[in-house]
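Let the sequences and hints guide you as you build the complete structure.
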Amino acid sequence: MTEKDSHNQETLRVSRRRFLQGFGSGLLGSAILSRGGLVGAERAQASSSPERLGPGPIPLRLNVNGQTRTLTVAPHTTLLEALRGPELHLTGAKRGCNHGTCGACTVLLDDKPVYACMMLAVDAQGKKITTVEGLATGGKPTVVQEAFVARDAMQCGFCTPGFVVSATALLNRNPRPDDHEIRRALAGHVCRCGAYQHIFDAVREAARRRNGGR
Amino acid sequence: MPPGMKKIKVTQVREGHDVEVEMEVPDIPAAWPPPAERRALGKPTPRIEGMDKVTGKAVYTDDVLPPGMLYGKILRCPHPHARLVSLDLSRARAMPGVRAAISIAEVGAELNYAGQEVAAVAATSEHLAEEALRAIEAKYEILPFEVDVEKARAASGATPPEWRTQGDVEAAFRQPDVVVVEATYHAPVVVHVCMETHGMVAHWEGPDRLKAWVSTQAIHSVRSALAKAFDLKESQVEVICEHMGGGFGSKFGPGAEGLAAARLAKEAGAPVKIMLERQEEFISQGSRPSPTVTVKAAANREGKLVAWQSEGYGTGGVGSAGSFQNLPYIYACENTRTRYMGVRTNAAASCAMRAPDHPGLCFITESVMDELAYALGMDPLEFRKKNDPNEVRQREYDIGAQRIGWAQRNPKPNASPGPKKRGLGVASSIWTGGGSPGTIGHVTLHRDGSVEVAVGVQDIGTGTRTAIAIVAAQELGLNAHDIDVRIGHTSIGPGIASGGSITIASVTPAVYTACMNAKMQLFSLVAPALRCNVEDLECNAGLVCVKGDRSRSLTWKQACAKLPEGGIKVQGEWNADLARPGLAGCQFAEVEVDVETGQVKVVRIVAVHDCAIVVNPLTARSQIHGGIAMGIGYALSEERIWDVPHGLILNARLEDYKVPGTMEVPVVEAILLDRPEVTWVSGLGEPPAIPTAAAIANAVYHATGIRIRSLPITRAKILEGARA
Numbered sequence: 001m002t003e004k005d006s007h008n009q010e011t012l013r014v015s016r017r018r019f020l021q022g023f024g025s026g027l028l029g030s031a032i033l034s035r036g037g038l039v040g041a042e043r044a045q046a047s048s049s050p051e052r053l054g055p056g057p058i059p060l061r062l063n064v065n066g067q068t069r070t071l072t073v074a075p076h077t078t079l080l081e082a083l084r085g086p087e088l089h090l091t092g093a094k095r096g097c098n099h100g101t102c103g104a105c106t107v108l109l110d111d112k113p114v115y116a117c118m119m120l121a122v123d124a125q126g127k128k129i130t131t132v133e134g135l136a137t138g139g140k141p142t143v144v145q146e147a148f149v150a151r152d153a154m155q156c157g158f159c160t161p162g163f164v165v166s167a168t169a170l171l172n173r174n175p176r177p178d179d180h181e182i183r184r185a186l187a188g189h190v191c192r193c194g195a196y197q198h199i200f201d202a203v204r205e206a207a208r209r210r211n212g213g214r
Numbered sequence: 001m002p003p004g005m006k007k008i009k010v011t012q013v014r015e016g017h018d019v020e021v022e023m024e025v026p027d028i029p030a031a032w033p034p035p036a037e038r039r040a041l042g043k044p045t046p047r048i049e050g051m052d053k054v055t056g057k058a059v060y061t062d063d064v065l066p067p068g069m070l071y072g073k074i075l076r077c078p079h080p081h082a083r084l085v086s087l088d089l090s091r092a093r094a095m096p097g098v099r100a101a102i103s104i105a106e107v108g109a110e111l112n113y114a115g116q117e118v119a120a121v122a123a124t125s126e127h128l129a130e131e132a133l134r135a136i137e138a139k140y141e142i143l144p145f146e147v148d149v150e151k152a153r154a155a156s157g158a159t160p161p162e163w164r165t166q167g168d169v170e171a172a173f174r175q176p177d178v179v180v181v182e183a184t185y186h187a188p189v190v191v192h193v194c195m196e197t198h199g200m201v202a203h204w205e206g207p208d209r210l211k212a213w214v215s216t217q218a219i220h221s222v223r224s225a226l227a228k229a230f231d232l233k234e235s236q237v238e239v240i241c242e243h244m245g246g247g248f249g250s251k252f253g254p255g256a257e258g259l260a261a262a263r264l265a266k267e268a269g270a271p272v273k274i275m276l277e278r279q280e281e282f283i284s285q286g287s288r289p290s291p292t293v294t295v296k297a298a299a300n301r302e303g304k305l306v307a308w309q310s311e312g313y314g315t316g317g318v319g320s321a322g323s324f325q326n327l328p329y330i331y332a333c334e335n336t337r338t339r340y341m342g343v344r345t346n347a348a349a350s351c352a353m354r355a356p357d358h359p360g361l362c363f364i365t366e367s368v369m370d371e372l373a374y375a376l377g378m379d380p381l382e383f384r385k386k387n388d389p390n391e392v393r394q395r396e397y398d399i400g401a402q403r404i405g406w407a408q409r410n411p412k413p414n415a416s417p418g419p420k421k422r423g424l425g426v427a428s429s430i431w432t433g434g435g436s437p438g439t440i441g442h443v444t445l446h447r448d449g450s451v452e453v454a455v456g457v458q459d460i461g462t463g464t465r466t467a468i469a470i471v472a473a474q475e476l477g478l479n480a481h482d483i484d485v486r487i488g489h490t491s492i493g494p495g496i497a498s499g500g501s502i503t504i505a506s507v508t509p510a511v512y513t514a515c516m517n518a519k520m521q522l523f524s525l526v527a528p529a530l531r532c533n534v535e536d537l538e539c540n541a542g543l544v545c546v547k548g549d550r551s552r553s554l555t556w557k558q559a560c561a562k563l564p565e566g567g568i569k570v571q572g573e574w575n576a577d578l579a580r581p582g583l584a585g586c587q588f589a590e591v592e593v594d595v596e597t598g599q600v601k602v603v604r605i606v607a608v609h610d611c612a613i614v615v616n617p618l619t620a621r622s623q624i625h626g627g628i629a630m631g632i633g634y635a636l637s638e639e640r641i642w643d644v645p646h647g648l649i650l651n652a653r654l655e656d657y658k659v660p661g662t663m664e665v666p667v668v669e670a671i672l673l674d675r676p677e678v679t680w681v682s683g684l685g686e687p688p689a690i691p692t693a694a695a696i697a698n699a700v701y702h703a704t705g706i707r708i709r710s711l712p713i714t715r716a717k718i719l720e721g722a723r724a
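Line by line, the protein sequences are chains A and B.
Residue 183 in the working numbering sits at position 183 of the first sequence, and the numbers go up by one each step.
Residue 489 in the working numbering sits at position 489 of the second sequence, and the numbers go up by one each step.
Honestly, the hints are just simulated from the structure, not real lab data.
If you're wondering where the values come from, they're calculated on a predicted model, not measured in any experiment.
Honestly, I wouldn't trust all of these hints.
Unchecked claim - Beyond 12 angstroms from chain A on every Cβ pair, some chain B residues (computed):
hint, residue
1, A152
2, D379
3, V534
4, E565
5, D594
6, G647
7, L650
8, T662
Stated by the list, open to error - EDC-like cross-link-like pairs, simulated, lysine to aspartate or glutamate; straight-line CA separation at most 20 angstroms:
hint, chain 1, residue 1, chain 2, residue 2
9, B, K601, A, E181
10, A, K128, A, E146
11, B, K43, A, D201
12, B, K412, B, D448
13, A, K127, A, E87
14, B, K139, B, E170
15, B, K43, A, E133
16, B, K386, B, E334
17, B, K57, A, E146
18, B, K266, B, E205
19, B, K151, B, D643
20, B, K9, B, E720
21, B, K228, B, D208
22, B, K601, A, D179
23, B, K562, B, E24
24, A, K140, B, D18
25, B, K57, A, E87
26, B, K57, A, D179
27, B, K420, B, E720
C-beta: ideal position from N, C-alpha, C; glycine also.
Dropping the structure here:
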């Protein structure tokens, strides 16, 4: 056994001991059987006063598009599932892969684009969530949205909300992106219809308009 | 009836009732307006549903959440070939939240690929449905399988079919002073990767009334299939698809998942949604078959293609392997001999995929044409022009060549010292894309001047909604964004399936006819007020006026105020005079190949495509960009990869099946051929997906002297070629 192997074994041994210690109350058996319990176990290990979530539905408070929304979900619910579910019914963010590989689920979390399918709804609590529905204020579409429409930066439209959210975040962070910066910023989005060129045109037009040009 | 008149049926809405009236109107021959009169037709028009798409308001099948909806999941056979020995759903049915469980495969049935549907459950959450799948007890008898096409062909012992022969290839090969190219070409199995997966929300509104929201290219085909499956009349089934996230040929029927959703919904007494996961899309929702074709072709010193012999095989899983005996693609050749054999492998059946067979036929043919040209020492473009019978394409070649700078290129391949080497290549496409009968346009004119146009078709992302609005706007003298367009419900009326690039040429003539009929009715009410005949009137820029005399006019709203109280509804049928098939295109590719890393960068594509009268150049260019994006994937990165010993697809996910993204797509110059003299509408969805890979392969050769005959052109293949 190499030094690295024995270190890894040692680490594992320590972890298992701690893990079992966290369940000295004897709840180990039932906790293991449900996913909610496993989440609870990891939290138990991590903090001194363990917070257990689940295994049944849990209450959540999410700050979505400027509003506090309360909903009840299973603890393993992703942010995407919570947004798209019957309580919030914010179906703008789409489920393209549920795997963090297509970008169709993109929302802003504290103004940064994230894949909503790749985070738990519980972890979005206390943060500012902005979906595509929340970009326009007072019913007036944003410059980015108008540019996407004007430049035909879409075809089937399924990937469009994700692109619009990311493009908005890009221009908020970098008002004058060059071609390469635009491609890089949007590289986390797949458009199978192939609307990319018009999307780049739309981002450039939106940047021009936001910077006072036409 | 007096000559020059025809009878039309008009529905007048009086006191809330539809009253059908027959009236005589001038029988004006159907014709699109000439270019000088096109105010809406042919103008770049943003999509009328564009704002819904960018604000998240557009509703796709997965966005539909009827109260009490359950989530369905499908159990799939884990083995590449098996017999279903037993199936026990009882434990699944007993799981918490489960409201229905059905078998899809019958006990004793043979299952032919890993991923084939076996059973399905519906539960109150996705999570519970997944748990319930794990509680289904399915026992399989494992059977021998093969997923590798070479091994399957060898094992099958099947003999190739008869040769298809024309002329005398042997004599042609023996002609003096011909160059001969003999090589094998291959393109892989690729898949659609629609951004919205396949799926349905099925809702039984009563024991004999089924409502289904489906992600589909064919609402009426889905309706027929559901009616048949459940022994209902078509009138008892409604299918809805207002927006869908891409089909590319894979979404023509309800699919096993749609039928399962409807069956589960019936058993559960509640609506059921099944939307497939991304992995399910890769393994069970169809593919483009893979050709491996050995070609021997000859050309004479004058630059004529004189002989073409090709034979090959390919696989479409348990489905069709395509028609790769239809070679050579595009080019005239008097002496040909071809045959092609499908090899069955344990994979889901292939299905239509954007221009079925054409990208592969084009790659094979255009590689051979290129190789012959270089063997002759002839300009590859000149060589093509000598053999291409299509007159439209001769123009397209010249336009594209000028824009890419073909004449300035170094005719010698691999002329640059590198390591980054640039080159140009060309390839062409041919397609049908005309219209079909079977679509009815429904126009309602209201007294307040508002206009509704309804057509029982779907918009698969091509801009059908907007094309409808444009035609109505053109005929009625209005703006496209003033027209209320309604599509996507079978209850509206008949309409074609969106495939074959036929939608625009099938739908726009029907809308034209309906608008023409509506106009005639309106004119019959306006003519007395303007003291003229019906045939003297026209709709022009918001007015109904005497032709050539705008002073004698009413505004559109004033004219509509003369309509009966509830307005009028008018239908129109498709008209063959307004649509025609025959789409020629060509693309020029500029690539930069790094022979040290093997990376191929597509720098630029110049695409010249004919689609006759361009209804909306803005959305037409989007189609060209989109087809090219798919072609780049076919050229450089997409292929299905097997774990051959286990018969499982290795890259059934976006991490490992690479579709072109923002870093891969080049600058595209999309040129819609200007043909002011044509009088018909034609399609465009498929042609731009055809020649891109072939043009790229040819450009790679020009850049590096490396001829890659097997797609995708990976770095490994470039480096291997560079070392040779």
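To see whether the hints hold, each was checked on the structure:
Chain A leaves B/A152 outside its interface by the beta-carbon criterion, the shortest separation being 29 angstroms against a cut-off of 12 angstroms. Residue-level check passed: B/D379 sits 30 angstroms from the nearest beta carbon of chain A, beyond 12 angstroms. At the 12 angstroms boundary, the C-beta of B/V534 stays outside the reach of chain A, the nearest C-beta of that chain being 38 angstroms off. The beta carbon of B/E565 sits about 33 angstroms from the closest Cβ of chain A, which is more than 12 angstroms, so the claim that it is off the interface holds.
Residue placement check: B/D594 keeps its beta carbon more than 12 angstroms from all beta carbons of chain A (closest about 17 angstroms). Listed as outside the interface, B/G647 is consistent with that label: its C-beta sits roughly 23 angstroms from the nearest C-beta of chain A, beyond the 12 angstroms cut-off. Taking the minimum C-beta to C-beta distance to chain A, about 16 angstroms, the non-interface status of B/L650 holds against the 12 angstroms cut. Look at B/T662: its CB is around 4 angstroms from the nearest CB on chain A, not clear of 12 angstroms, so calling it non-interface is violated.
Taken as a hint, the B/K601 and A/E181 pair is honoured in the structure, with Cα atoms around 18 angstroms apart against an allowance of 20 angstroms. About 24 angstroms separates the Cα atoms of A/K128 and A/E146, which puts this hinted pair outside 20 angstroms; it is violated. Taking the CA atoms of B/K43 and A/D201, the gap is about 19 angstroms. The hint holds against a cut of 20 angstroms. A threshold of 20 angstroms between alpha carbons decides the hint, and for B/K412 with B/D448 the separation of about 68 angstroms lies outside it, so the pair is violated.
As the CA atoms of A/K127 and A/E87 are separated by approximately 19 angstroms, the hinted pair is consistent with the 20 angstroms bound. For the given pair, B/K139 sits about 56 angstroms from B/E170 by alpha-carbon distance, which is inconsistent with the 20 angstroms threshold. This hinted pair does not check out: B/K43 and A/E133 have alpha carbons roughly 30 angstroms apart, beyond 20 angstroms. A C-alpha spacing of about 14 angstroms is found between B/K386 and B/E334, which places the hinted pair at or below 20 angstroms, so the restraint holds.
Simply put, B/K57 and A/E146 have alpha-carbon atoms about 15 angstroms apart, close enough for the 20 angstroms limit, and the pair holds. In summary, the hint linking B/K266 to B/E205 is supported, as the alpha carbons are separated by about 10 angstroms, within the 20 angstroms threshold. As the CA atoms of B/K151 and B/D643 are separated by approximately 14 angstroms, the hinted pair is consistent with the 20 angstroms bound. A hinted pair counts as satisfied when its Cα atoms are at most 20 angstroms apart, and B/K9 with B/E720 does not qualify at roughly 69 angstroms.
Distance check on the hinted pair: B/K228 and B/D208 sit about 13 angstroms apart at the alpha-carbon level, within 20 angstroms; holds. With a CA separation close to 16 angstroms, the supplied pair B/K601 and A/D179 stays within the 20 angstroms bound. Proximity of B/K562 to B/E24 is assessed by CA-CA distance (about 18 angstroms); at most 20 angstroms being required, the pair is judged to hold. Distance restraint check for A/K140 and B/D18: the Cα-Cα separation of roughly 38 angstroms exceeds the 20 angstroms cut-off, and the hinted pair is therefore not satisfied.
Pair hint B/K57 plus A/E87 holds up; C-alpha atoms about 17 angstroms apart against a cutoff of 20 angstroms. Between B/K57 and A/D179 the CA atoms are separated by roughly 29 angstroms; this puts the pair beyond 20 angstroms, and the hint is violated. Distance check on the hinted pair: B/K420 and B/E720 sit about 16 angstroms apart at the alpha-carbon level, within 20 angstroms; holds.
Hints 8, 10, 12, 14, 15, 20, 24 and 26 from the list above are not met by this structure, while the remaining hints are.
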